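Engineer: Based on the sequences and whatever the hints tell you, model everything.
Chains as they are written, first to last, in the working numbering: chain A, 1 to 352; chain B, 1 to 436; chain C, 1 to 79.
Treat the hints with care, as some may be off.
[To be verified] No farther apart than 30 Å at their CA atoms in a straight line, the calculated lysine-lysine pairs in the BS3-like style are these: (1) A:257 <-> C:79; (2) A:288 <-> C:78; (3) A:43 <-> A:106; (4) A:30 <-> A:3; (5) A:126 <-> C:23; (6) A:203 <-> A:257; (7) C:23 <-> A:201; (8) A:304 <-> C:79; (9) A:126 <-> B:354; (10) B:30 <-> B:12; (11) B:98 <-> B:12; (12) B:30 <-> A:201; (13) B:18 <-> B:107; (14) C:55 <-> A:304; (15) A:203 <-> A:43; (16) B:107 <-> A:244; (17) B:271 <-> B:354; (18) A:108 <-> A:3; (19) B:354 <-> A:215; (20) C:23 <-> A:340; (21) A:340 <-> A:232; (22) A:232 <-> A:215; (23) B:30 <-> B:107; (24) B:271 <-> A:203; (25) A:201 <-> A:215; (26) B:340 <-> C:55.
[Claimed, not checked] Some residues of chain B that are not near chain C, with every Cβ distance over 12 Å (derived): (27) 50; (28) 194; (29) 356.
[To be verified] These stretches of chain C come out as covered by chain B in the derived footprint (C-beta under 8 Å, 3 or more residues): (30) 5-14; (31) 55-68.
If you are wondering where the hints come from, they were derived from the structure by calculation, not from laboratory data.
None of these values were measured; they are calculated from a predicted model.
Virtual Cβ for every residue (Gly too), placed ideally from N, Cα, C.
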Amino acid sequence: MKKAILYLNQFFGQIGGEDKADFEPTLEDKPVGSAGIFNGIAKNVKIEQTLICGDNFMASHTDEAIAQCLKLLEGRKFDIFIAGPAFNAGRYGNACGQICKAVQEKFKVPAITSMNEENPGVEMFKREIYIFQGGNRATAIKQDMAAMAAFADKIASGAPLLPAAMEGYFPRGIRHEVFLEDLGMEPVMACDRAVEMLLLKLKGDGYLTELPIPKQDLVPIAPAVQDIRKIKIALVTSGGIVPKDNPDRIESASATKWGKYSIAGLDKLTAPEFKTIHAGYDPEQADKNPNVVEPLDAIRALQKEGRLGEVDDYFYTTVGTGTTQGEAARMGREIAAELKDRGVEAVILTAT
Amino acid sequence: MKLEIGKFFVKKITFGPKTEYADGVLSIDKDAALAKVMEDEHITAAELHIVNPGDLVRLVPVKDAYEMRCRVAGAKGIYPGVTSPLESAAHGRIHALKDASLLVVGKHWGSFQDGILDMGGPFQRNTIYGAMRNLVLIADTDEEFERHEQQKTNHALRWAGFRLSEYIGECLRDLKPEELESWELDALNRRSADVQKLPSVVYVLQPQTQMEVPGFNTLVYGWNANHMLPTYMHPNEILGGAVVSGSFMPCSSKISTFEHCNNPTIKSLLKAHGKTLNFLGVIMSNLNVVMEQKVRMAVMVAQMASSLGADGAIVAEEGYGNPDVDYIQVLVELEKVGVKTVGISNECTGRDGKSQPLVALDAAATALISTGNVSQMYTLQPMPLVLGELEALARDGLSGGWEGCVKADGSAVLENNAMFCSDHPSGFSVKRCFDF
Amino acid sequence: MAKEIERSGLPITIMCNLTNIAKTVGSNRIVPTFSVPYPLGNPQASPEEEWAMRKHRVEVAVDALQTPITEQTVFAVKK
Numbered sequence: 001m002k003k004a005i006l007y008l009n010q011f012f013g014q015i016g017g018e019d020k021a022d023f024e025p026t027l028e029d030k031p032v033g034s035a036g037i038f039n040g041i042a043k044n045v046k047i048e049q050t051l052i053c054g055d056n057f058m059a060s061h062t063d064e065a066i067a068q069c070l071k072l073l074e075g076r077k078f079d080i081f082i083a084g085p086a087f088n089a090g091r092y093g094n095a096c097g098q099i100c101k102a103v104q105e106k107f108k109v110p111a112i113t114s115m116n117e118e119n120p121g122v123e124m125f126k127r128e129i130y131i132f133q134g135g136n137r138a139t140a141i142k143q144d145m146a147a148m149a150a151f152a153d154k155i156a157s158g159a160p161l162l163p164a165a166m167e168g169y170f171p172r173g174i175r176h177e178v179f180l181e182d183l184g185m186e187p188v189m190a191c192d193r194a195v196e197m198l199l200l201k202l203k204g205d206g207y208l209t210e211l212p213i214p215k216q217d218l219v220p221i222a223p224a225v226q227d228i229r230k231i232k233i234a235l236v237t238s239g240g241i242v243p244k245d246n247p248d249r250i251e252s253a254s255a256t257k258w259g260k261y262s263i264a265g266l267d268k269l270t271a272p273e274f275k276t277i278h279a280g281y282d283p284e285q286a287d288k289n290p291n292v293v294e295p296l297d298a299i300r301a302l303q304k305e306g307r308l309g310e311v312d313d314y315f316y317t318t319v320g321t322g323t324t325q326g327e328a329a330r331m332g333r334e335i336a337a338e339l340k341d342r343g344v345e346a347v348i349l350t351a352t
Numbered sequence: 001m002k003l004e005i006g007k008f009f010v011k012k013i014t015f016g017p018k019t020e021y022a023d024g025v026l027s028i029d030k031d032a033a034l035a036k037v038m039e040d041e042h043i044t045a046a047e048l049h050i051v052n053p054g055d056l057v058r059l060v061p062v063k064d065a066y067e068m069r070c071r072v073a074g075a076k077g078i079y080p081g082v083t084s085p086l087e088s089a090a091h092g093r094i095h096a097l098k099d100a101s102l103l104v105v106g107k108h109w110g111s112f113q114d115g116i117l118d119m120g121g122p123f124q125r126n127t128i129y130g131a132m133r134n135l136v137l138i139a140d141t142d143e144e145f146e147r148h149e150q151q152k153t154n155h156a157l158r159w160a161g162f163r164l165s166e167y168i169g170e171c172l173r174d175l176k177p178e179e180l181e182s183w184e185l186d187a188l189n190r191r192s193a194d195v196q197k198l199p200s201v202v203y204v205l206q207p208q209t210q211m212e213v214p215g216f217n218t219l220v221y222g223w224n225a226n227h228m229l230p231t232y233m234h235p236n237e238i239l240g241g242a243v244v245s246g247s248f249m250p251c252s253s254k255i256s257t258f259e260h261c262n263n264p265t266i267k268s269l270l271k272a273h274g275k276t277l278n279f280l281g282v283i284m285s286n287l288n289v290v291m292e293q294k295v296r297m298a299v300m301v302a303q304m305a306s307s308l309g310a311d312g313a314i315v316a317e318e319g320y321g322n323p324d325v326d327y328i329q330v331l332v333e334l335e336k337v338g339v340k341t342v343g344i345s346n347e348c349t350g351r352d353g354k355s356q357p358l359v360a361l362d363a364a365a366t367a368l369i370s371t372g373n374v375s376q377m378y379t380l381q382p383m384p385l386v387l388g389e390l391e392a393l394a395r396d397g398l399s400g401g402w403e404g405c406v407k408a409d410g411s412a413v414l415e416n417n418a419m420f421c422s423d424h425p426s427g428f429s430v431k432r433c434f435d436f
Numbered sequence: 001m002a003k004e005i006e007r008s009g010l011p012i013t014i015m016c017n018l019t020n021i022a023k024t025v026g027s028n029r030i031v032p033t034f035s036v037p038y039p040l041g042n043p044q045a046s047p048e049e050e051w052a053m054r055k056h057r058v059e060v061a062v063d064a065l066q067t068p069i070t071e072q073t074v075f076a077v078k079k
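Structural biologist: See the structure below:
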């Protein structure tokens, strides 16, 4: 039997109403309140302890509240963390999200909560934790708790987990391939799914795209440089230009590594000392003259003309084909940290 | 434009004194078949094997798959402009072996576009060839110039596949098919009112054509489709062998020559023609390197679809990453001119599943079919028999493989990207991505 | 990758051919290059023409770093 800990606010934790919303965290060594619903359903996991904290305390002293909660949980053996359900209660949703995220990170156990789709906590935390689609009000407590219990039970049993829509939680921004037959669905070939979807679309009828277009994630525009001649810039490329022996063994597709290589004193990148290892484009021209991908020669010319100031002694490189966004983002953060360490203030990145 | 395909359902493949087919049994004269392969002096070693569904056999590096067929009426051969005289592929009669294919596998050396294929075990279902009886050609060549290149044209092996698939198919020439399918479309302006009132649909195919150097791209009647602007084709031309697969596509995205000749999306549209839709035909497009080329292609496809009177279009992309730009651009341009679209492609969401599924996106792409995740990680247990060379997966830059991904015990970790044709953007895919 | 560098506060110019991808992934300063396999090369042109093209586009990229913008911007280059 696996163990779970349940998080409740002051009200559902039976401490009191709004007047007790500043209640500081406490860990009860027993199932409290709706834990009974959970324990009545789950066969492989049982709630044995209940963590209770006032919504206001969590909202206005978040760091302190989280720290206290984590301290209370230290040394406790548990496999799954449950919070809520929080319905459409904004502060409670925030609290469930905050604590689930923190507990999951610290104790490496899956964290499950439940909120109504209108609860702002959904947008804030759905990428980090399992948030089940819950009711609008506390009258839904039984069904919301039952949904979490069934899912926790499934995790505890080790059974394969189904896609978000089938399990009933909000998608976490994770997409994996699945054979239709493994979901008990008719294994309809893509061609027939396409024809059917097109006929529905032409009729104006309801169809469900298999690949919803995600919302664009824009980054704040970094302010322009005042005078480029007075700062240090760096050159970065995803075109796979490396020294000829590829010393860091950067992969030629689906890269997980990046490298930095000295260009100090070089007027240009010469072949064959530099070449490309990028598998996503025809390497002929880049191998002949690496400057067509990483234009060091043009950069040096501008420097000589006094139009550019300092250029970092290294250029930074990886391969941008088949490279996942997660990997690209990680490498971007690592390169950014390195650039800042080296006093770089602006970047020119060439991509192929 | 009527194309008949006579079907012969293979229940068993065996080697025998004569290449012949009778009562579901395909018998192959090994010496004669190998002689056909060795006609090309660049082939230095060749052997033939037979694999069946469920066999605990792993094939790697698989270069291409072919339907074994012959043309008994119409043009002179099965790959016009490639290994056969250049004639229209759209009409006449083809005799073809069904539930079977020819797979060509490198004896040692692999390349970016080659894949891995299990005939049994948990990954048998990952490609349609796992459910077929297959003749397997394992061969090596003297193409030293590309021996250690990640990008190989694989010319000798791919052409051996063309010759061998036709040689075997020839045994069907004088036989009576067990089943006959017949595909025929009236000219666009001669269709009955009943058909005309149905929604009109085109199929837009974007085969992989992004290599600038000759020898790698999908061929249309033998023509490098990189050097092509979008063109209008009769669906029978594709079923009749006018399009053959190239040697540059990441492998799970590959549309094999077998799949071009059996394109299931074309067949679904032909079957639906006159019942639920009016199939106008195929706009053969391509995939490009430069933004300007991509936009030019997309506006030309949209114009063609619009002028043909299309209400809707199904667009299929062979590849992922950079070509997603062409794919999305075509969907956007079609929607702009009022043609409603459905796209078919795989996704690349990363090993953690958290990456943007296509590199280019647009809100106009409201109806997309997903055929798999390029970067899904799989662990393959050792197989009792490997045909080809497993190390190629790790050593030779196969898409989805990497240095160290093959273990000493014969197991391997890989990305789906390396599984031969497993995302089947041609339309065979029975998997898709879901949100988790 | 570029987005993470910009998120750290460093202005960054992306030089790429597929400006649609750069826009989709949220880059802000974008300078179009000549092609994918040779972003700043052109095997069809004379060496002088190729050099002029490369230098011009790098100049535009440098200028872009000094140009205040309020939305995703693809900077114009000479053909």
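Engineer: Decide, hint by hint, whether the structure agrees.
Structural biologist: The hints, checked one at a time:
1. A:257 <-> C:79: The given pair, whose Cα atoms are some 35 Å apart, is violated under the 30 Å limit.
2. A:288 <-> C:78: Distance of about 25 Å is within 30 Å: holds.
3. A:43 <-> A:106: Holds - the C-alpha atoms of residue 106 of chain A and residue 43 of chain A are around 26 Å apart, at most 30 Å.
4. A:30 <-> A:3: Holds, because 12 Å separates the two Cα atoms, which is no more than 30 Å.
5. A:126 <-> C:23: Status holds; Cα separation ~25 Å.
6. A:203 <-> A:257: 48 Å, violated
7. C:23 <-> A:201: With a Cα-Cα distance of about 28 Å, the restraint between residue 23 of chain C and residue 201 of chain A holds, given a limit of 30 Å.
8. A:304 <-> C:79: The hint holds at about 25 Å.
9. A:126 <-> B:354: 13 Å, holds
10. B:30 <-> B:12: Status holds; Cα separation ~15 Å.
11. B:98 <-> B:12: 11 Å, holds
12. B:30 <-> A:201: Violated, at about 52 Å.
13. B:18 <-> B:107: 26 Å, holds
14. C:55 <-> A:304: 13 Å, holds
15. A:203 <-> A:43: 47 Å, violated
16. B:107 <-> A:244: Roughly 29 Å separates the two Cα atoms, so the pair holds.
17. B:271 <-> B:354: 38 Å, violated
18. A:108 <-> A:3: Roughly 14 Å between the alpha carbons, so the hint for residue 108 of chain A and residue 3 of chain A holds.
19. B:354 <-> A:215: 14 Å, holds
20. C:23 <-> A:340: Cα-Cα ~25 Å, so holds.
21. A:340 <-> A:232: It holds: about 10 Å lies between the C-alpha atoms, which stays within 30 Å.
22. A:232 <-> A:215: 35 Å, violated
23. B:30 <-> B:107: 17 Å, holds
24. B:271 <-> A:203: 19 Å, holds
25. A:201 <-> A:215: 22 Å, holds
26. B:340 <-> C:55: Since the Cα atoms of residue 340 of chain B and residue 55 of chain C sit roughly 43 Å apart, the hinted pair is violated (cutoff 30 Å).
27. 50: 42 Å, holds
28. 194: 42 Å, holds
29. 356: 7 Å, violated
30. 5-14: violated (count 0)
31. 55-68: Per the Cβ count (0), the hint is violated.
The earlier numbered hints that this structure contradicts are 1, 6, 12, 15, 17, 22, 26, 29, 30, 31.
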